[in-house]
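Chains as they are written, first to last, in my numbering: chain A, 1 to 131; chain B, 1 to 81; chain C, 1 to 496; chain D, 1 to 275.
None of these hints come from the bench; they were simulated from the model.
For each label pair, taking beta carbons as the anchor points, the in silico distance ranges come out as:
id	chain 1	residue 1	chain 2	residue 2	range
1	D	Ile146	C	Gln3	43 to 51 Å
2	D	Gly5	B	Leu7	22 to 30 Å
3	B	Val15	D	Gly5	17 to 25 Å
4	D	Ala25	C	Val281	29 to 37 Å
Ideal Cβ positions, reconstructed from N, Cα and C, are used throughout, including at glycine.
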Amino acid sequence: MSELIPTIIAKYNYWIYITLMMIGLYAMIAKNNLVKKIVGMNIFQTAIILFYVSIGVKKGATIPISTGGHGAAHEVVHAADYLNPLPHVLMLTAIVVGVATLGVALALALRIYSRYNTLEEDEILAKIRKK
Amino acid sequence: MFWQIDLAILTLVVVTAVGSLMVKDLLGAAILFGAYSFLMCLLWSIMGAVDVAFTEASVGAGVSSVFFVAAVFRTSRRTKD
Amino acid sequence: MSQQYPVLIVIVPLLSAFAISIAGWVNKRLCFPIIVTALGVAVYASVGLLLTVLEKGVVIYHLGGWPPPVGIAYYVDHLNGLVLVVVSLVALLNVIACKKSIELEFPDKAAPFYTLYILMVTGLLGIVVTGDAFNLYVLLEIAALTGYGLLAMGEERAPLSTLNYLYMGTIGACFYLLGVGYLYIVTGSLNMVDIARLLPPLYQSKAVLAAFIICMVGVWLKMAFFPLHAWLPNAYTHAPSAASSLIAPLVTKVMVYVMIRLILTVFTPEFAFATLALNNVVVWLAVIAIVMGAILALAERNLKKMLTFIIVAEVGYMVGGAWLGNRAGMTGAILHIVNDALMTLCVFLVVDNIVYKVKGYAFEDLQGLFRKMPFTMGAFVVGAMSIIGVPPTCGFFSKWYLILGALQAGHYGFVAALIFSSLVSVVLFFRIFEICYYEPFSDHHGHDHPPEPMDEAPLLMVVPLLIVAVILILVGLYTGDIVNHVIKFAIPEGLV
Amino acid sequence: MKIIGLIITIITGAFLVYAAVDFPAWADPNSPASTYLSPYFIENSMKDTSVPNFVTSLLADYRGFDTMFETTVIFTAGLVCFILLRISGGKEPETRHYRHVLTGVTVTLKEGRKIPASEDFERIDDLWTPPDLIIKTGCRLMIPFIQLFALYVIAHGHSSPGGGFQGGVILGASIILLAISHDLRTALERMREKVVAILCPVGVAIYAGTGTLCLLLGLNFLDYSALASVLHVDPISARSHGILMVEIGVGIAVMTTMIWIYNNISSAGKYNQGL
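Based on the provided sequences and hints, a complete structural model is requested.
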């Protein structure tokens, strides 16, 4: 037990990301409303971004922008002073992919609404079966 | 970094995430999702990921929320769960 | 220019997508020539690349001039050289064959449709050619998003089934991304070859195990492997013809390629097969996939939907073959990527032609088609024979290797499933031949009504279809060469 | 479905927790992710590209190929929204409403009739609420400053957080703000559909075209140092300028896509007055 608590504290970001991801996953599987599912999908994606950003954190380091500014190429830069920029770059991509998916999903939801006049999945399926 | 603030933000993130899925009004869900995105953005800027936080503030909290609201206006606010 | 082939394969379709998109607002007639030219260049470059690989071995291309672990690199070896040729060839033949039906189904949105089409091909080619785990994710999303757009333009139920596909596809892609993150957190690298170099000391780590399983689940979701297949049949059935005959042959096969690439290059077969000992579970899942696919196909009274269930069964073939964990099984799986892409293209193009002429694809619409559309149905017979696995066609040979691998691994359940699904395919297709052979029943019983005149689809649709049928037989005849000169080198030495 | 969802969620969550136990501790400076590849980027970014913001140099140069496809993803999303929602050649409604701006009188016209083309009349829909004067004026005042800030974000991405994506989104948001505070028709007058639809692929094509230019100049795709001979600067500055070029392309593409998606979603493809 005494080992467990430091583990929990040392990695609490990872536990939060897993919690958020599971909230999103549950919403995508179990929710009935299409827009709610889309909200869940976005939470799911953001959780993964949180995970990646947590990888990039380094104790005692600052944001990944060189303090020297332009024309300071001769200055020696110590890698330990700056956060890991690579996960940040990857996550910029992931955020943009997320908003693209969101746009497409909402467009589909609008199409579905104009056809069936409801956003509830069970009502749509009932309408399809009736025909 | 103060751990109290950190903890408060992390709790609020989870609360807004659950809230946006529980609330029985799609417009409310959209706005709560915007709040969730802003808290996330805050969390990332605390972690030092300034570019990611900036992008999330403009894309996730800004434009995504607008899309959600626009879509909800064009469909219905009603939801059963 | 030949050292630039790897990037040209992706860049030429990409640039032409923008050209088509702009041309759509200026002069719509330019779109088709541009897309055909671009795909033609892609086919040319991929064939040239495969020949280079056969001659000199692996081709590496540094994007942005940065050497691999720092920048993104393209690795082209025998495996993706072969798949590249298939993907670009299928895309080219399909767009020529579908010109008429695209014009018929989307009179005023042909230009955006062509743009999405070529972007999808770009994404698939990029997935196949890349050697960077994260780059693969981005291209996966391009292929997925364009796929949603193309599929959702179909019948009235299409948006709903596409939205389900979108949920599943997003979960799949996110799982893949998460797996890559797990690999990154333990190795610090994103380059596939580099990860493979760094992994061996970490094989016992739980994070690596989790990365492998999460990646696999993500890719299985995307390829509709058995318990995760629920989105596929509806999404493909309600899609417009040109989209389903592009997506059905390519997307699942490219995902199988990704799975094989992850097993062979990133995690190495020793880890996947020896350390984990999951083979049996996955092969049994594949057995269930094949059996369920075949049974569900039997229950359908609708040609297109029946074919989608056959795709589910075919995915089972390939996953099972790859997971048998021996050389013959892997050969069969890789060969089946090629064969299945071509034969699925063949049967789906037949469906396109039928939809173009008859405006339906339920079984009752098919009556009398042998007389009405003899060439189309001739090609259909060849495609069906190939799916069943009759010797001169290519389907036989990949099944042969798969059975050989199953016998070597001592997995008789997989052998039984393969034979069972072949028998079911015989029933399925001969039932359709029977329906197509007989004329529709007429109301007046006299013998005097004239037989329906021949009403074949336009030449532009029939000729590519016949070419595909010929290719099916040619690939069958040259299977030995493909296996001995290409696939043999695609599988690492360690796998026996 | 709820129970199945719960079971799947719990299994997945338990598996992820099980795997996370083996991770290096959070914020550990000696974890492989922080020691293997990232020191190279931090130490060489200034030398290689003369860009102080490591994220920008990594985004647009070392991993520029990813970013190109990321922009393509955005373009794809805009195109998919257009192809799914836009109702082209749709019939005009039988009765149309026009509002005389100065007096506030609404004129309803039957099929086929026209009003004299004049600035005084504006087209309105069935459901029309008068826009609030304060909001209208406030937004009108804010928009130029928002756009100025967006341009700063794009141009200053080299040495501060920001870049093409963020700037492009803010630029797009300024037009969206116009559409929300006035109505969609006003925004469409500033930014016609055709302009949006053509600028969007042009933006991505600027990115891909820069890469192709490098290829034509004899180096690999997206190797900006090839631009040195065209721009008459040393290869390191050429990389910096190449990054600026692609950021501008990204900015254009992202801005137009955001507007495009908003236009289609807010009017459900009818391009009427919007929200």
